[in-house]
Amino acid sequence: FCICKSLWVYNMQELLKWNGWGYNDSKFIFNKKGQAEFTGKRYRLGGMVLPTFKEWIEKTFGASLEHKTTSRASLNVNDVPPSIVNEEFLQDLRATKISYSQDAEDRVFRAHGHCLHEIFVLREGMFKRIPDIVVWPVCHEDVVKIVELACKHNLCIIPFGGGTSVSSALECPEEEKRTIVSLDTSQMNRILWIDEKNLTACVEAGIVGQDLEKQLAESGFCTGHEPDSMEFSSLGGWVATRASGMKKNIYGNIEDLVIHIKMVTPRGIVEKNCQVPRMSTGPDIHHFIMGSEGTLGVVTEVTIKIRPLPEYQKYGSVVFPNFERGVACLREVAKQVKKSWMLASLKNTNFSTRRVLMVQCFWQLITKGFLSLQFKGFDPNILCVATLLFEGDREKVLQHEKQVYDIATKFGGLAAGEDNGQRGYMLTFVIAYLRDLGLDYYVIGESFETSVPWDRVLDLCRNVKERIVRECKEKGVQFAPLSTCRVTQTYDAGACVYFYFAFNYRGISDPIHVYEQIERAAREEILANGGSLSHHHGVGKLRKRWMKESISDVGLGMLRSVKEYVDPNNIFGNKNLL
Amino acid sequence: MSKKRDEFEDILEERRLSSDLRYAMKCYTPVIYKGLSPCKPNAIKSAVLQSEQVQYVIKQLAKEMGESPDIIQEEATEILDEMGHSMQLGAVRFFAFTLSKIFKQLFQRVCVNEEGMQRLQHAIQEHPVVLLPSHRSYVDFLMLSYLLYTYDLALPVIAAGIDFLGMKIVGELLRRAGAFFMRRSFGGNRLYWAVFAEYVKTMLRSGYAPIEFFLEGTRSRTAKTLTPKFGLLSIVMEPFFKREVFDTYLVPISISYERILEESLYAYELLGVPKPKESTSGLLKARRILSDSFGTIHIYVGQPVSLRTLASGRINRCPYNLVPRHLPQKPSEDIQEFVSDVAYKMELLQIENMVLSPWVLVAAVLLQNLPAMDFELLIEKTLWLKGLTQTFGGFIEWPDNLCAKKAVMSGLTLHSNIARLVDGHVVLNDKGVEDGAVGEIVFKRALAILMCATYRNQLLNVFVRPSLVAVALQMTRSFRKEEVYSCFSFLRDVFSDEFIFFPGISLKDFEEGCFLLTKCDAIQTSQQEIYPTDKGSVIVSFLSTMFRPFVEGYQLIFRYLSKETKEVFTEKQFIPGVRNFVFQLLEKGNTQCYEALSSDMQKNALAALVQLGAVKKKKMSNGFTYNVNQEAVNKILDMFDARIPVQKPVAARL
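Same order as they appear, the protein sequences are chains A and B. Heads up: the first sequence at position 444 corresponds to 444 in UniProt numbering, and the numbers run straight through without jumps. Heads up: the second sequence at position 389 corresponds to 389 in UniProt numbering, and the numbers run straight through without jumps.
Honestly, I wouldn't trust all of these hints.
[To be verified] Below, a list of computed lysine to aspartate or glutamate pairs in the DMTMM-like style, where the Cα atoms sit at most 20 angstroms apart:
| hint | chain 1 | residue 1 | chain 2 | residue 2 |
| --- | --- | --- | --- | --- |
| 1 | A | Lys475 | B | Asp247 |
| 2 | A | Lys548 | A | Glu564 |
| 3 | A | Lys305 | A | Glu218 |
| 4 | B | Lys508 | B | Glu483 |
| 5 | B | Lys104 | B | Glu14 |
| 6 | A | Lys541 | A | Glu516 |
| 7 | B | Lys603 | B | Glu567 |
| 8 | A | Lys473 | B | Asp247 |
| 9 | A | Lys145 | A | Glu271 |
| 10 | B | Lys34 | A | Glu466 |
| 11 | A | Lys335 | B | Glu52 |
| 12 | B | Lys34 | A | Glu324 |
| 13 | B | Lys617 | B | Glu564 |
| 14 | B | Lys229 | B | Glu244 |
| 15 | A | Lys32 | A | Asp436 |
| 16 | A | Lys272 | A | Glu141 |
| 17 | A | Lys314 | A | Asp284 |
| 18 | B | Lys34 | A | Asp459 |
| 19 | B | Lys563 | B | Asp638 |
| 20 | A | Lys473 | B | Glu126 |
| 21 | A | Lys152 | A | Asp92 |
[To be verified] If you anchor each label on the Cβ, the simulated ranges turn out as follows:
| hint | chain 1 | residue 1 | chain 2 | residue 2 | range |
| --- | --- | --- | --- | --- | --- |
| 22 | A | Val276 | B | Asn316 | 24 to 34 angstroms |
| 23 | A | His287 | B | Asp81 | 51 to 61 angstroms |
| 24 | B | Asn316 | A | Glu174 | 30 to 40 angstroms |
| 25 | A | Lys177 | B | Glu52 | 53 to 63 angstroms |
Worth flagging that the hints you see were computed from the coordinates, not collected in a lab. No residue lacks a Cβ here, since even glycine has one placed at the ideal position from N, Cα and C.
Taking the hints into account, I'd like the entire structure generated from these sequences.
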């Protein structure tokens, strides 16, 4: 047994920003000299000065340090919609001894995810509808009680894990008249048991990624599931959204990792009778749960596959003359190399934020590499970098590393060193902080993702980027936008592609509306290019309009009928997905 | 109604002032597509051969025919060599020089809307461009390349008929100037289709050069826009449907000739005297015409139309997402419909910007007043028609604000082979009418009338909507809107191959026709009724007389089909048969409808019956055969003769 104390306290907002990404003490700022700097000690980038960052942001966006917008300093409690909870329910709730809060800050903190418009509302406005009450169950039984009470009093429950959603999944439906209960799973964060013989662990669903890995590591294990949000997102959230992590080529996506799920629904508890690697018992009920986005119930306990910590880890990086060659190489690697030994991420560095960080702050090595590369006829404006990570036993890692570099050479790639690879990997976690800096200077931005067959990757990337630029122009954006992309996952049959999109909104009266129109156009473009509605962010309320097109009328009907059976009174009424 | 149009600029003016040689040797650095990956013609050829698309078809054919893929690959190489272009700057310069000389000799002015050229220049840099000129003459594509060279734009690669290859030296020169060649028909040959389609698409995707082809498929012998062909258009649209390019610009270009180089050739051809095969010696003989004058050419480069904008909200993307993109895929029905809509839209845009010369008006008036017309009256009527044409949105260029008399005179001078002024009367130039056999008289007269009609025809697509309302008014002898509309709709169906109608908007066309007639005070309409005004009867009768040759011509042809022909026949039998039939009626003086001798009208009428279901068309090994349902034809004929009311469930919501 392993019962550990969580990093997470009840009031997450004391540790985390209330109006932006991540930890309170970690952010990009411009210091007194006007140089960019990353604060705090949590990340390796912490305390470092980025001398040319300012120039970059000015050049790329036309932003200027003189033109600043400031978020309100703290939440204005008077703006917050009142908490309306009937007394009978409160009495029943008190009887269960489950912690709860009707405090305005607690409720606002759980009223949103991290979509641009949500952050914007926090900085400058207020949500029309937020949860009326927050409850903190500490175990499966607590959840059962809460769901029973909700059914009894006809309340609406919205499960809340790490709050990192980027699909408007956590937003409360404005028209919801019932009391909305935010069910915060953060206190259900224990590893219940570890089974070393079968390499599985049973974990409560509220545990966040970094705690899970830390605690497993103490016993010499890991899950290997590392989404970019793993510092904050929870196991239950991963299950509810069909999450994917950057090491999925080695360990698999959430659907490959999960062995058993326990979920509390208004109909009762749904689970399987055994913990087996596979079973043929009709359609897998796990697949009704994974991706259900909180519409069916609350996931309370998950049995997940674990692996011994890798004996050997090696980072690497390759520079390609352009994005096209890089994609071709990744495709070839996906074809040839046994998939369970490496991960790769390919970044088109053109205009990229990452290049700025990479080249100009702490990547001395690549700075040198950069110079020498220019001699070899690489155009620094279009070259692209692939970062690699190999894990496993030493011999195989080295063997596969060689294989990958050999392939890369065929596509004009040059090895760019281990350090670059490792730093690329670390940067993944810092990039999310950039948006908050932009927001201070009239720059709004977002990333979104899709999955696409190999043969359409290049066309899709080019067209979506072009569509974004065009739409910006049409919608009256005065400055050229940043519109770039990255291949983050490779599969046998295709890849996952991320788009980064940001623009300076000075001179636009309703930037969020403009932003949303452009994002919608970009999604239309993705679909027209044979891309998916989402690879792992999920649908939420943001992408609902395309569900029918994505899974057909009948498909949608199938999902609806499950919802109707499991939750006929729509207790789980967050209105996601369907 | 009349849209704002650009001003014209004469590009020959500068040619007459400065050295042609220097012009031909000028520094030529055309703007290029921003996404261009530069490559040589040969690299394109091998890319085409190695493409998944072509390789797929090669493998398929090899499997089906039990042959080795190598042999079929060989065949594909040959096809590619036969059709491929090999653009070379030297050839381009040679053309620039000789064409300067020739054009200056032939034409008084070559007028171009410069703003259109500027828009084109922008378009070329932004997205792949498809040039869609009207096709009236061989001069079309020479002129267009010449024009692009003059304005320092990338020369287009042109899909030209393979007949040109027969012209040995010229064919090769054309190839070096960027022409590529397609067989006129290759529907059955899958390899040819695959290679051809891939060749076009590769050039388009790479942004190598603008692609140019003619929607009409061939030169219109009647100067009337031909109904569009869809094959090439759907090929150039495919890269966008599959999102291999972000967008594609379609640029309608209207080229109008004051006098068409091939006018008499066309008239002979329409009357069944076979056209000379394109050959170099034929072209040399054609030098004879160099001593002749052909007036002014107007080239109007239309606004580039974004295919993406056209397709927005219309295309279901699913079919293209579910099949690998290199597999040949029959376009879905909604794609086919979309392609057809775009084709018609482009042709309507061509028509809209087609310049009409005063002579076009003269010809239209003259044809209603044969055999001779008082000169003064002709001038008066021409002026009157000018006003009417402008009301209908016609694009008239009246040279240098000449007074009407001078304008008509200059038209008569330019077209002295068609008509001339005798004793204050204008008469058709059908020399030899007085002497010679009856047959010859008819033939000569037909020739003159068909040539004259070539010019009147340029008005028809501008006039067709109000005119068919006028014809319907006269045919139904009713004022009830519903009946008139039924008749209009019937006529529109019958003439769907003769004139250009956007598919499926019969009611809108009717309303536009009524609107234009109301605008010129020819009719008044109420909720239920529609009737000519007192002064409007002149207009109504002029308009219906303008289209009478078609109404009468179709009646004759239908009558032939209902009585005089075998039940089953081929096209080869049909044309001479119907020609003889009409010829005899003309000789006996039983009809005055000379235009029914035109093989163009005969083919269109037959096609109309096929579409109306009265004739069945079947594909046989040696071409098409036709099977007439005489009862059905009779019924249509009766409707035409207004013996029975039009019976079609067309009276939709009015």
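Taking the hints in turn, this is what the structure says about them:
| no. | hint | verdict |
| --- | --- | --- |
| 1 | A:Lys475 / B:Asp247 | 19 angstroms, holds |
| 2 | A:Lys548 / A:Glu564 | 18 angstroms, holds |
| 3 | A:Lys305 / A:Glu218 | 16 angstroms, holds |
| 4 | B:Lys508 / B:Glu483 | 16 angstroms, holds |
| 5 | B:Lys104 / B:Glu14 | 11 angstroms, holds |
| 6 | A:Lys541 / A:Glu516 | 13 angstroms, holds |
| 7 | B:Lys603 / B:Glu567 | 17 angstroms, holds |
| 8 | A:Lys473 / B:Asp247 | 16 angstroms, holds |
| 9 | A:Lys145 / A:Glu271 | 18 angstroms, holds |
| 10 | B:Lys34 / A:Glu466 | 12 angstroms, holds |
| 11 | A:Lys335 / B:Glu52 | 18 angstroms, holds |
| 12 | B:Lys34 / A:Glu324 | 17 angstroms, holds |
| 13 | B:Lys617 / B:Glu564 | 18 angstroms, holds |
| 14 | B:Lys229 / B:Glu244 | 24 angstroms, violated |
| 15 | A:Lys32 / A:Asp436 | 19 angstroms, holds |
| 16 | A:Lys272 / A:Glu141 | 18 angstroms, holds |
| 17 | A:Lys314 / A:Asp284 | 36 angstroms, violated |
| 18 | B:Lys34 / A:Asp459 | 16 angstroms, holds |
| 19 | B:Lys563 / B:Asp638 | 14 angstroms, holds |
| 20 | A:Lys473 / B:Glu126 | 14 angstroms, holds |
| 21 | A:Lys152 / A:Asp92 | 10 angstroms, holds |
| 22 | A:Val276 / B:Asn316: 24 to 34 angstroms | 42 angstroms, violated |
| 23 | A:His287 / B:Asp81: 51 to 61 angstroms | 55 angstroms, holds |
| 24 | B:Asn316 / A:Glu174: 30 to 40 angstroms | 33 angstroms, holds |
| 25 | A:Lys177 / B:Glu52: 53 to 63 angstroms | 57 angstroms, holds |
Of the numbered hints listed earlier, those contradicted by the structure are 14, 17 and 22.
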